[in-house]
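Chains A and B, in that order, are what the protein sequence lines are.
Using our numbering, you'd call the opening residue of the first sequence number 1 and step up by one each time.
Using our numbering, you'd call the opening residue of the second sequence number 1 and step up by one each time.
No lab work stands behind these hints: they were computed from the structure.
If you're wondering where the values come from, they're calculated on a predicted model, not measured in any experiment.
Keep in mind that a hint or two might mislead.
As the list claims (entries may be wrong) - List time: in silico DSS-like cross-link candidates among lysine-lysine, alpha-carbon distance up to 27 Å: (1) B:Lys253 x B:Lys11; (2) B:Lys266 x A:Lys188; (3) B:Lys253 x A:Lys188; (4) B:Lys170 x A:Lys181; (5) B:Lys199 x B:Lys287; (6) B:Lys266 x A:Lys41; (7) A:Lys188 x B:Lys11; (8) B:Lys11 x A:Lys181; (9) B:Lys287 x B:Lys253; (10) A:Lys41 x B:Lys426; (11) B:Lys173 x B:Lys11; (12) B:Lys11 x B:Lys170; (13) B:Lys173 x B:Lys324; (14) B:Lys266 x A:Lys181.
Said to hold, decoys possible - To give an idea of the chain B side of the interface with chain A (calculated C-beta under 7 Å), a few residues: (15) Thr25; (16) Pro41; (17) Glu87; (18) Gln91; (19) Gly152; (20) Leu288; (21) Asn372; (22) Lys426.
For each residue, glycine too, the CB sits at the ideal point set by N, CA and C.
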Amino acid sequence: MADPITQVSGRAYPWGAKNIDTDIIIPAHWLKTTTREGLGKGAFETVRAVPGNIFDDPRYAGAPILIAGDNFGCGSSREHAAWALADLGIKAVIAPSFSDIFSGNAFKNGIVPVVLPQEAVDRLVEAAQDGEVTVDLETMTVTTSYQDRFEFALDAFRRNCLIQGLDEIGLTLAQDTAISKFESADVKHRPWISGRGLDASVAV
Amino acid sequence: MASRPLTLYEKIWADHVVERRDDGTCLIYIDRHLVHEVTSPQAFAGLKAAGRGVRRPELTLAVPDHNLPTSPRVDAAGRPLPIADPESANQLAALRANVAEFGVPYIDALAAEQGIVHVVGPEQGFTLPGTTLVCGDSHTSAHGALGALAFGIGTSEVEHVLATQTLLLKQSKTMEIRVDGSLGFGVSPKDVVLAIIGKIGAAGGTGYVVEYTGEVIRAMSVEGRLTVSNMSIEGGARAGLIAPDDTTFAYLKGRPMAPAGETWDKAVAYWRTLPSDPAAVYDAVVKLDATDIAPSLTWGTSPEDVVPITGIVPDPDSFADPSKRVAARKSLDYMGLEPGTRMQDVAVQNVFIGSCTNSRIEDLRAAAAVANGRRVADGVRAMVVPGSGLVKRQAEREGLDRIFTQAGFEWREPGCSMCLAMNPDKVPPGERCASTSNRNFVGRQGPGARTHLLSPAMAAAAAVTGRLADVRDLMGASNG
Ligand code: SF4
Chain A
1 MADPITQVSG RAYPWGAKNI DTDIIIPAHW LKTTTREGLG KGAFETVRAV
51 PGNIFDDPRY AGAPILIAGD NFGCGSSREH AAWALADLGI KAVIAPSFSD
101 IFSGNAFKNG IVPVVLPQEA VDRLVEAAQD GEVTVDLETM TVTTSYQDRF
151 EFALDAFRRN CLIQGLDEIG LTLAQDTAIS KFESADVKHR PWISGRGLDA
201 SVAV
Chain B
1 MASRPLTLYE KIWADHVVER RDDGTCLIYI DRHLVHEVTS PQAFAGLKAA
51 GRGVRRPELT LAVPDHNLPT SPRVDAAGRP LPIADPESAN QLAALRANVA
101 EFGVPYIDAL AAEQGIVHVV GPEQGFTLPG TTLVCGDSHT SAHGALGALA
151 FGIGTSEVEH VLATQTLLLK QSKTMEIRVD GSLGFGVSPK DVVLAIIGKI
201 GAAGGTGYVV EYTGEVIRAM SVEGRLTVSN MSIEGGARAG LIAPDDTTFA
251 YLKGRPMAPA GETWDKAVAY WRTLPSDPAA VYDAVVKLDA TDIAPSLTWG
301 TSPEDVVPIT GIVPDPDSFA DPSKRVAARK SLDYMGLEPG TRMQDVAVQN
351 VFIGSCTNSR IEDLRAAAAV ANGRRVADGV RAMVVPGSGL VKRQAEREGL
401 DRIFTQAGFE WREPGCSMCL AMNPDKVPPG ERCASTSNRN FVGRQGPGAR
451 THLLSPAMAA AAAVTGRLAD VRDLMGASNG
């Protein structure tokens with residue numbers, strides 16, 4: 001499980017690009033790994049192939065925040081996208097919207113997906129050219145070294161998990177009685193769910 | 001009125017709530033879990049590290065698909081051939097070791113039933129109406145075609161489902177996408193879903209579960225419905241749904257993992273209660289008229305970049321949205337296309353018929369009907385990759401393999417193949433591919449590859465003409 005996070009502060013990649021899909025974040029040929037580590041090398045590979053790209057700009061080297069456009073993380077469900085960002089040192093992404101799957105994956109890997117309106121994102125892209133950005137989970141604000149201040153919202157449960165660095169699986173396993181109760185009622189209601197063919201291996 | 005009218009989605013949701021939190025988040029029971037080699041190794045590693053097991057291995061089914069080469073898997077003597085890429089081989093071996101260690105049902109690469117997870121699930125009767133079904137793959141939305149609430153999850157969620165058979169979820173909004181009328185000559189389910197995405201946009205369904213309704217959907221086979229629901233995710237929706245009906249039940253009856261006997265009857269009785277109540281209200285409604293849908297394809301690098309085959313490459317300046325103008329310019333640059341070019345004048349060097357969108361038997365029949373008696377154009381590499389070993393056998397029984405090979409298509413072993421180019425099947429840089437897959441993203445079919453998404457019949461038409469072609473012109477004419 002990720003370390004607890006209350007604040008992410010520092011330089012931010014002032015990118016603002018729209019519809020950044022998971023193939024751009026981490027191309028498919030990086031998915032052959034069987035571990036979570038080391039994917040930062042492949043992050044934004046096609047973007048970084050272009051000289052003068054934002055990710056190799058020394059001004060933003062090691063920035064913990066990425067500012068992007070609408071629909072960030074669209075495309076595949078690969079959690080490798082979140083692992084790649086985490087390995088690159090990114091702890092928060094700010095965008096007007098995120099794909100549902102990506103934002104779930106981000107949370108689980110200690111990356112805060114911050115949704116702000118387009119105008120606020122435009123302003124942050126500007127401010128981040130030479131200023132610093134702070135994402136604060138206590139006050140639920142994004143601030144800059146230029147006195148900007150934007151409020152954002154996060155799901156209360158997820159915010160709590162981030163702040164405390166909680167393990168979701170452990171939390172769910174604590175509900176074991178409720179799950180077992182559901183299962184014993186359901187087997188009467190829908191007996192076909194654990195039905196035929198599923199108890200034996202198919203063809204090994 | 002005893003209770004509020006409900007949508008199909010709301011009914012499935014209500015039957016799977018294990019626990020509801022104050023903030024509305026629910027712990028949802030998961031009935032079916034498909035596992036493949038790419039997104040599972042870190043999940044199994046997580047279980048091992050925490051000393052946890054798989055709660056209900058019998059509700060899980062693992063099958064390798066993404067990495068497998070589509071070249072022959074056994075030599076002349078029937079001995080398994082090694083996989084050349086060591087990383088792919090390693091990932092495939094990790095899946096085999098993990099399913100053995102955790103007791104998860106598994107279809108091996110060499111089994112006749114092997115195929116793409118989203119083809120195998122329905123084919124085996126593993127996918128059932130009214131179930132919750134997940135897989136670490138975004139095109140899990142396909143299974144919604146049978147009325148299952150099915151969606152892609154990340155690897156941490158794969159681990160969560162393996163350990164607890166549940167997921168923490170917030171209820172989505174609902175969107176009805178209604179397609180009425182009847183489809184014109186040469187118009188396929190792929191054209192319907194491309195038209196839908198062209199209309200709502202690549203982010204139009206974000207936050208929604210989409211339910212496809214209307215005469216066109218009702219008239220479709222389960223195979224066609226799978227094509228439509230498969231691409232829900234390309235419209236931003238995490239899941240698509242199609243109400244189960246007699247077509248669904250006829251498709252499922254007798255499948256190896258479907259219920260049988262008395263249990264089957266009970267299941268059907270339950271499934272009949274699932275369709276949305278007539279007065280149910282959706283949060284959004286989108287309507288399309290089937291007569292407006294032509295054989296279609298994409299011109300850019302987002303699945304929303306759709307035009308009819310009779311259309312032209314759009315001028316970026318014609319878009320009202322400034323950010324769309326910028327995106328279109330970049331797309332055209334990557335795709336090597338000039339605004340105003342007739343789509344039918346664009347030459348292709350590669351044709352890919354396959355992927356979980358369009359690799360079922362009906363897709364191969366539609367492509368073979370166009371290929372029959374014709375020849376793949378000079379300078380074009382065309383491959384057909386069946387969605388599963390069973391689809392491949394069925395096609396071979398029907399003689400489709402001979403139609404394809406005589407026309408000059410490659411007839412290959414099942415898997416994801418050129419859909420995402422994780423195996424050796426790649427489109428060379430700068431070359432153009434007419435593809436029946438679901439994503440035309442930059443580099444999706446290999447670095448620098450230029451993808452046009454279209455239907456199997458349109459792909460076959462592109463193969464035999466060497467350019468993007470209107471399949472209706474070939475369907476009218478006699479073959480050869
Ligand atoms: S065929 Fe393509 S989209 Fe379908 S599961 Fe395989 S890689 Fe994903």
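Hint by hint, here is what the structure shows:
no., hint, result
1, B:Lys253 x B:Lys11, "holds (23 Å)"
2, B:Lys266 x A:Lys188, "holds (11 Å)"
3, B:Lys253 x A:Lys188, "holds (21 Å)"
4, B:Lys170 x A:Lys181, "holds (21 Å)"
5, B:Lys199 x B:Lys287, "holds (10 Å)"
6, B:Lys266 x A:Lys41, "violated (53 Å)"
7, A:Lys188 x B:Lys11, "holds (18 Å)"
8, B:Lys11 x A:Lys181, "holds (20 Å)"
9, B:Lys287 x B:Lys253, "violated (32 Å)"
10, A:Lys41 x B:Lys426, "holds (22 Å)"
11, B:Lys173 x B:Lys11, "holds (13 Å)"
12, B:Lys11 x B:Lys170, "holds (15 Å)"
13, B:Lys173 x B:Lys324, "holds (26 Å)"
14, B:Lys266 x A:Lys181, "holds (22 Å)"
15, Thr25, "holds (6 Å)"
16, Pro41, "holds (4 Å)"
17, Glu87, "holds (4 Å)"
18, Gln91, "holds (5 Å)"
19, Gly152, "holds (4 Å)"
20, Leu288, "violated (22 Å)"
21, Asn372, "violated (33 Å)"
22, Lys426, "violated (9 Å)"
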